[in-house]
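Protein sequence lines, in the order shown, are assigned to chains A and L. In this note's numbering, each number is its position in the first sequence, counted from 1, plus 1326. In this note's numbering, each number is its position in the second sequence, counted from 1, plus 76.
Bear in mind the hints are in silico, worked out from the structure with no lab data behind them. All values derive from a computational prediction rather than experimental measurement. Hints are supplied without guarantee of correctness; some may be wrong.
In silico DMTMM-like links for lysine to aspartate or glutamate, alpha-carbon gap of 25 angstroms or less [what the hints assert, rightly or not]:
#1 L:K132 / L:E81
#2 A:K1397 / A:E1341
#3 A:K1383 / L:D103
#4 L:K176 / A:D1364
#5 A:K1383 / L:D159
#6 L:K118 / A:E1350
#7 L:K118 / A:D1380
#8 L:K143 / L:E91
#9 L:K118 / A:E1398
#10 L:K176 / A:E1395
#11 A:K1396 / A:D1356
#12 A:K1397 / A:D1380
#13 L:K118 / A:D1385
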Amino acid sequence: DGGITQSPKYLFRKEGQNVTLSCEQNLNHDAMYWYRQDPGQGLRLIYYSQIVNDFQKGDIAEGYSVSREKKESFPLTVTSAQKNPTAFYLCASSSTGQGAYGYTFGSGTRLTVV
Amino acid sequence: QKEVEQNSGPLSVPEGAIASLNCTYSDRGSQSFFWYRQYSGKSPELIMFIYSNGDKEDGRFTAQLNKASQYVSLLIRDSQPSDSATYLCAVPPPKGGYNKLIFGAGTRLAVHP
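Just chain A, with the same shape it has in the complex (with noise of 0.2 angstroms):
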């Protein structure tokens, strides 16, 4: 079955610590995002990828991280920078083009500082 894959399912961060969330897709989607929701709120966008080996920054990209070495595989880098990380982190893909497509979610990482 196709899908996106997103691990680990719970991660806890320590103060000044960088913590690194994989995203992994075998839909055959040339587009990924990564985005951060908190609890009562809407999602809010981190970064995007369009095609490997590019990526662009989204609205709250600051304190993060990413890379898109393989069109399968969009991590998140959550860096010691970002001062209040608690959140819930979901990775999303989709096909490109003319047009507009609905994105597929992961499950999410739920991210906790301790």
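Using the hints provided, position chain L relative to the given structure of chain A.
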């Protein structure tokens, strides 16, 4: 004005009733519209998309689009307690390029027995 606006709710409806969820958007050039359902603690799942004026039906769900008035609605007929979730409206930027959906903050629906 936000690009995509939704009433946060909660919208409370009795089981068996019609739930009506609304979304307004700011850019007249928007062409396609998506509705996602998100259960508490879970990720969003796509339930409907619409790109033409009028209605689109899929089972108990009907999406209604009115481009002149810049709103899109989701109707849920015969609401069930299992429909209790947050419903997110999403709109792509109209100028093409990246398929970067803009999400509303969502409307929380509560269906009570």
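Verification of the hints:
1. At roughly 21 angstroms between alpha-carbon atoms, L:K132 and L:E81 fall within 25 angstroms of each other, so this suggested pair holds.
2. At roughly 32 angstroms between alpha-carbon atoms, A:K1397 and A:E1341 are farther apart than 25 angstroms, so this suggested pair is violated.
3. Restraint check: the Cα-Cα separation between A:K1383 and L:D103 comes to about 22 angstroms, which is no more than 25 angstroms; the hinted pair holds.
4. A hinted pair counts as satisfied when its Cα atoms are at most 25 angstroms apart, and L:K176 with A:D1364 qualifies at roughly 20 angstroms.
5. With a C-alpha separation of about 34 angstroms, the suggested pairing of A:K1383 with L:D159 is violated against the 25 angstroms cut-off.
6. Only pairs whose Cα atoms come within 25 angstroms are accepted, and L:K118 paired with A:E1350 is accepted, the gap being roughly 18 angstroms.
7. Between L:K118 and A:D1380 the CA atoms are separated by roughly 29 angstroms; this puts the pair beyond 25 angstroms, and the hint is violated.
8. Among the hinted pairs, L:K143 with L:E91 is inconsistent with the structure: their alpha-carbon atoms are about 31 angstroms apart, more than 25 angstroms.
9. Between the alpha carbons of L:K118 and A:E1398 the distance comes to roughly 22 angstroms, so the proposed pair stays at or under 25 angstroms and holds.
10. The suggested pairing of L:K176 with A:E1395 holds, with an alpha-carbon distance near 20 angstroms, which does not exceed 25 angstroms.
11. With a C-alpha separation of about 10 angstroms, the suggested pair A:K1396 and A:D1356 falls inside the 25 angstroms cut-off, and the hint holds.
12. Taken as a hint, the A:K1397 and A:D1380 pair is honoured in the structure, with Cα atoms around 11 angstroms apart against an allowance of 25 angstroms.
13. Pair hint L:K118 plus A:D1385 holds up; C-alpha atoms about 23 angstroms apart against a cutoff of 25 angstroms.
Hints 2, 5, 7 and 8 from the earlier list are contradicted by this structure; the remaining hints agree with it.
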